[in-house]
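Based on the hints, put chain C in the right spot on chain D.
Chains D and C supply the protein sequences, listed in that same order.
Residue 1 is where the first sequence starts when you use the numbering used here, and the numbers rise one by one after that.
Residue 1 is where the second sequence starts when you use the numbering used here, and the numbers rise one by one after that.
Honestly, the hints are just simulated from the structure, not real lab data.
Hints may contain errors.
[As the list claims (entries may be wrong)] What the simulated footprint calls covered on chain C by chain D, stretch by stretch (three residues with Cβ under 8 Å from a Cβ of chain D suffice, anywhere in the stretch; the number is not a length): (1) 29-36; (2) 134-140.
[Claimed, not checked] Chain C is nowhere near these chain D residues, computed Cβ spacing over 12 Å in every case: (3) T77; (4) D112; (5) S129.
Built from N, CA and C at the ideal position, the CB exists for glycine as well.
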Amino acid sequence: MQKDCRVALQRPDFALFGTARAAISRDGNASSGLRWDMVPRCSPPALALLVLVMAGSPAHADSVGGQFLARISLATTGSFALVHGISNLTRTEFDAQLILPTNCTATDLIADFGGTTTARTIGLRVNGSATSLSCSLTSGSPTCSNTTSTVTLVRGDYASLAVSGGTQSGLIGRASFVCVPEPDAASGRLAGFGALLLASRRRGRTPRMPGRAPPARAIPPVSLANDRREVDAC
Amino acid sequence: MLTGRRSPVALCLVALAVLMPGAPSIAAEGLFLARILMTTAGSFGAVLGSATNATTESTVRYLAPTACTARDLIVDFTGTTTARTVNLRVNGAATSLSCSVTAGSPTCSNTFSSVNVSRGDHLSLSLSGGAQTGLAALVSFVCRP
Numbered sequence: 001m002q003k004d005c006r007v008a009l010q011r012p013d014f015a016l017f018g019t020a021r022a023a024i025s026r027d028g029n030a031s032s033g034l035r036w037d038m039v040p041r042c043s044p045p046a047l048a049l050l051v052l053v054m055a056g057s058p059a060h061a062d063s064v065g066g067q068f069l070a071r072i073s074l075a076t077t078g079s080f081a082l083v084h085g086i087s088n089l090t091r092t093e094f095d096a097q098l099i100l101p102t103n104c105t106a107t108d109l110i111a112d113f114g115g116t117t118t119a120r121t122i123g124l125r126v127n128g129s130a131t132s133l134s135c136s137l138t139s140g141s142p143t144c145s146n147t148t149s150t151v152t153l154v155r156g157d158y159a160s161l162a163v164s165g166g167t168q169s170g171l172i173g174r175a176s177f178v179c180v181p182e183p184d185a186a187s188g189r190l191a192g193f194g195a196l197l198l199a200s201r202r203r204g205r206t207p208r209m210p211g212r213a214p215p216a217r218a219i220p221p222v223s224l225a226n227d228r229r230e231v232d233a234c
Numbered sequence: 001m002l003t004g005r006r007s008p009v010a011l012c013l014v015a016l017a018v019l020m021p022g023a024p025s026i027a028a029e030g031l032f033l034a035r036i037l038m039t040t041a042g043s044f045g046a047v048l049g050s051a052t053n054a055t056t057e058s059t060v061r062y063l064a065p066t067a068c069t070a071r072d073l074i075v076d077f078t079g080t081t082t083a084r085t086v087n088l089r090v091n092g093a094a095t096s097l098s099c100s101v102t103a104g105s106p107t108c109s110n111t112f113s114s115v116n117v118s119r120g121d122h123l124s125l126s127l128s129g130g131a132q133t134g135l136a137a138l139v140s141f142v143c144r145p
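Next comes chain D alone, as it looks inside the complex (with noise of 0.2 Å):
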């Protein structure tokens, strides 16, 4: 005998259902013949959860990167310095930069260089050229801060950061960024792992990685008096 059922499968710990067809042997044995043929339907309850979840994530753009401090003395000649630590001014790039571990994105540049009497700008350089992380300040307003430009950069690149208005005996300023760590596909694919094996546990199944192929295998019998519970019309 074969039935079609429609099985719900909304379990109080979990919001991921879908519609099941049950198909039940002659004999009766409810471990003999069942077909597993699920629609899958992912449930608004359990969709927004995982993407608050995975949004939340620690290296999402408003998370903590490497960060990146700057403490610039402006009383030497020059208009470079290092990303990282204290530094003189510099008229030679090369005597300013720093190589760099690891890719990652620079963003979120602060600078304050109070007491400046001059109008400045400060910049992001990498491998000796100008970037859109800058940003520009005033003796009247000497703080500033770029929020919007992203700068790529890769392991080996050279970072040194570009200031401009000159000498000013006394004067310190401070710069700072932080630089966010490529995300990782491989590593996309754990946490999505993770989450199927976190559903999966909860259903009593095993998980797959994502991305290989699904090897076709039969599903261990399963107590129809157990499922029953599970049935809400056949």
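Just chain C, lined up with the frame of chain D:
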């Protein structure tokens, strides 16, 4: 005999994973960028900032603020006239995170070694090859929680 098709829940979640590939695993990483002027005969350097090399390791040690795994060492010794080796040291001991350069090939990288660093460990660099006026070593690595 029971048979099954692709898990429906998996389909939903795989779709999410594909649509949101940026869900990364890195919470925050320490970037150590150093510029070491090789003006003295010292063989130690600080792991961050700009400083000259030192003969006494204790003068260049920094304290690790958190446990992390140091890796991805990259070094640029452009202008060196001799072969040199750079090594991360933890609590005064050499580690596997090192790489070597020569005058003809003054840059090196080590992306295969990793060193466990504990909160409170003392970090420093060793740089072989001695003094060379005007030479600066650019040394960087990351330390991931």
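Hint check results:
1. A stretch counts as covered by a chain when three or more of its residues have a beta carbon under 8 Å from one of that chain; for the segment 29-36 of chain C and chain D the count is 7, and the coverage holds.
2. Check result for the segment 134-140 of chain C against chain D: holds, 4 residues qualifying (beta carbon to beta carbon below 8 Å, three or more required).
3. No Cβ of chain C approaches the Cβ of T77(D) within 12 Å, the least distance being about 18 Å, so the stated non-interface status holds.
4. No beta-carbon of chain C is positioned within 12 Å of the beta-carbon of D112(D); the least distance is around 19 Å.
5. Once the 12 Å rule is applied to beta carbons, S129(D) is consistent with being away from chain C; the minimum gap is 18 Å.
Figure legend: structure checked against the earlier numbered hints; every hint is met.
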